[in-house]
Amino acid sequence: MGLEDLSHNFLTGSLEELVKWARRSSVWPATFGLACCAIEMMAAGAADFDLARFGMEVFRGSPRQADLMVVAGRVSQKMAPVLRQVYDQMVEPKWVISMGVCASTGGMFNNYAIVQGVDQVVPVDVYAPGCPPNPQTLIHAILTLHEKIRLGELTRRSPGETGAGIDLAAEPARPGWVAPPSGVRLGTPR
Amino acid sequence: MTSEELKAETSEGLQELQERDETGPVALAIEEGSQFRLPEGPVLNPGDIDVEFGEDETMIINMGPQHPSTHGVLRIMMELEGETVLRSKPIIGYLHTGMEKTGEELTYVQGATNVTRMDYLSPLHNELVFSLAAEALLGIEIPPRSTWIRMLMTELNRISSHVMWMATNGMDLASTSMMIYGFRDREMILSFFEKTTGLRMNHDYIRPGGVAADLPDGWEDDVMSIVETIPGRVDEYDELLTGQPIFKRRTEGVGIISPELATAMSATGPILRASGVAWDLRRAMPYLAYDEVDFDVIVGSVGDTFDRYAVRMNEIRESCKIVRQCVEKMPLGDYRAQDKKVTPPPRARIDESMEALIHHFKIFTRGFEVPPGEVYTAIESPRGELGCYLVADGSNKPYRMHIRGPSFVNLQSLPPLLRGGLIADAIAVISSVDPVMGEVDR
Amino acid sequence: MTAAATSAAELAGLPESPTVGAGGQEVIHVTRERYLEVTGALRDAGFEMCADLCAVDYLRHPDRPLPEAVTPERFEIVVNLLSLERRQRVRLRVQVPASDPVVPTLFNLYPGTENMEREAFDLFGVCFEGHPDHTRILMPDDWEGHPLRKDYSVGRVPVQFKQAPGPR
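Chains as they are written, first to last, in this note's numbering: chain A, 1 to 190; chain B, 1 to 442; chain C, 1 to 168.
Bear in mind the hints are in silico, worked out from the structure with no lab data behind them.
Note that the Cβ used here is the ideal one computed from N, Cα and C, for glycine as well.
Treat the hints loosely; a few may be bogus.
Restraint ranges, calculated between C-beta atoms of paired labels, are given here [stated by the list, open to error]:
1) Cys-131/A with Asp-222/B: 17 to 27 angstroms
2) Glu-85/C with Gly-420/B: 43 to 53 angstroms
3) Gly-145/C with Val-91/A: 34 to 44 angstroms
4) Thr-242/B with Arg-60/A: 49 to 59 angstroms
5) Leu-240/B with Val-91/A: 30 to 40 angstroms
6) Val-157/C with Gln-136/A: 28 to 38 angstroms
Turn these sequences into a full structure, and let the hints steer you where they fit.
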């Protein structure tokens, strides 16, 4: 549609900067706190490590009103379809921060019950390591996301962009593993 | 009415009904049917249900698992008539991590890292119950300083957990400032934890054999500054919430549970104490050094949401009392048992002694072996009775490690508590039951 | 629990059931047939709360220490009862064979065992006869297998430096 075909000149260039500034200055997170990392996320939103200075203190209950999903905590097999459903309900542009090692790679729980990395279910923009990450680490991850928004293009994911590096079509189905809906590209192997 | 007159003919034949006065609350709860028994998995198509819809039809809605008001990933299926909740069913398992299976793969030294992430609001309590169970099987004695350090840390953890509960409870009942205040106080305690254990949360501090490290220099000042500020702040929150008419209207008389029903449902902790039963494991079956400190057990009278709030708030004050006594009476000595097979040597010794190096290596790679046996140890966590059933088979890993999570059992009392209330009351009740889904699902 | 406290077995009038003290705790081994009867007797004797009910799979540890009169089976159901008045605990252990893993439910005596029995069924496959809601509680409804059994592998995925070991 209109904006994607536009090649930016000096008139539209500054408009692009304006839109990106607006987008990164008021990223509204959706509440998706699952486990221990959720407590640190709440602590990051509280008074000592204030998220309001980044425009992010409103944690929207409804995913339709949110821009950012911070997956805070371990994602179990039962929760993975719910995670995907909430992600699908969010409106573009949307970003995902995978907070903590359990969300990034499965963490210390390398077993039958935990999805080994939330990037098997949703595309992730920033990974924040830690068990649980300090609120300062989470804020660093948020600022990294802001940089990504600032340096990125207005249009979102282009077809060639790589995601987690896992080709989901080739992945054999494990018991209880829920495949995302067909037609969704979550990244191609390098 | 006599029992003869009460005998009614039902579709299953003659059925003898008990006199209403004789029917206890437990039988009544089961007969009344507050538990909603319907399959949890797929969404029901109303066209599939073969029921005639009448004038007063009830609606089945789903609350969660992603919802700002539930404490973690708890899903509740509720049958509503208008806005009144009739039957409900809490559905759990959205955070199942296989921790009990993982516990069978990790050694006893590593076990505390796994167990600590169950109840993530009071991680030191999980570590404590696991360590106490392992030590009971090992049969080793813990030095007194180690016992008092454990008591100090777990009571501070109780304060931080209850303050966190007040914060989230306040926010659920629409007092956002309570959330900010609660986290402010929690940060004080967490920075002391970071100084002592190295981590703000999920510290791997209490291990079988003692604690991982001694208290840092100047800890008395840090702890006294905590216990001098927090009671004053709790008085402020008391004024903010207890005196407020809206808070009182939302919590008084809401979600009442009787002591018999609470006991039958195996509810422990603030739920049981608020209903009038003075059961606190620290007083009834003391562990660590709780028989040497002076504190009161807070008991409620009505068993409603307000009582549970009052019990937790006053428990913060009692814990501050206990922490003060810990600072006064802290004995000197070793912070861990001097058993070379169980606790690693101090780091400086590794450079001097070959034996120390070998012990250090063996303990951290292979762990220690625990003689065969089984034991059940229970402590009082902020949510109730936290128990650990440990089966050892003589190897360096537990054969079976089962943690009795208090929230897992307390959730069973949720359907009777929700029955007859409005959805807004449901939020208040769930918040007052204080489930932590990490220990519910493990 | 002082030495002067009467044992739970005496209170419930069960002199002939074998009891073993494990770490200072009283354990009563009971057969499946007498399970409900013994639990009911203990409840009438004052053990009004069921603190915990769990299952253990002894597939890899079949020669655990047991009294003479008890024949070991693959599964064990362990019930911890608590008397608030007497401040006493008692533990019951029931042997359950793998060929017929069915045990009567304690729901009618202790409604608080509902979730615990569902968990034992979900993770071990032990069935509880008479339970009002005999479904999985922690795993998804369509999950196959019972994860905490000893012949169910942990399900590790191979990671760098640590390939996945076989089932224990």
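Hints versus structure:
Between Cys-131/A and Asp-222/B the CB atoms are about 25 angstroms apart, so this pair conforms to the stated range of 17 to 27 angstroms. Between Glu-85/C and Gly-420/B the C-beta distance comes to about 31 angstroms, which lies outside the given range of 43 to 53 angstroms. Separated by about 39 angstroms at the C-beta atoms, Gly-145/C and Val-91/A satisfy the suggested range of 34 to 44 angstroms. Judged by the Cβ atoms, the range 49 to 59 angstroms given for Thr-242/B and Arg-60/A is violated: they are separated by roughly 31 angstroms.
The given range of 30 to 40 angstroms is respected by Leu-240/B and Val-91/A, whose C-beta atoms sit roughly 37 angstroms from each other. One distance hint, 28 to 38 angstroms for the beta-carbon pair Val-157/C and Gln-136/A, holds here, with the actual separation near 31 angstroms.
Checked against the numbered hints given earlier, the structure breaks hints 2 and 4 and satisfies all the rest.
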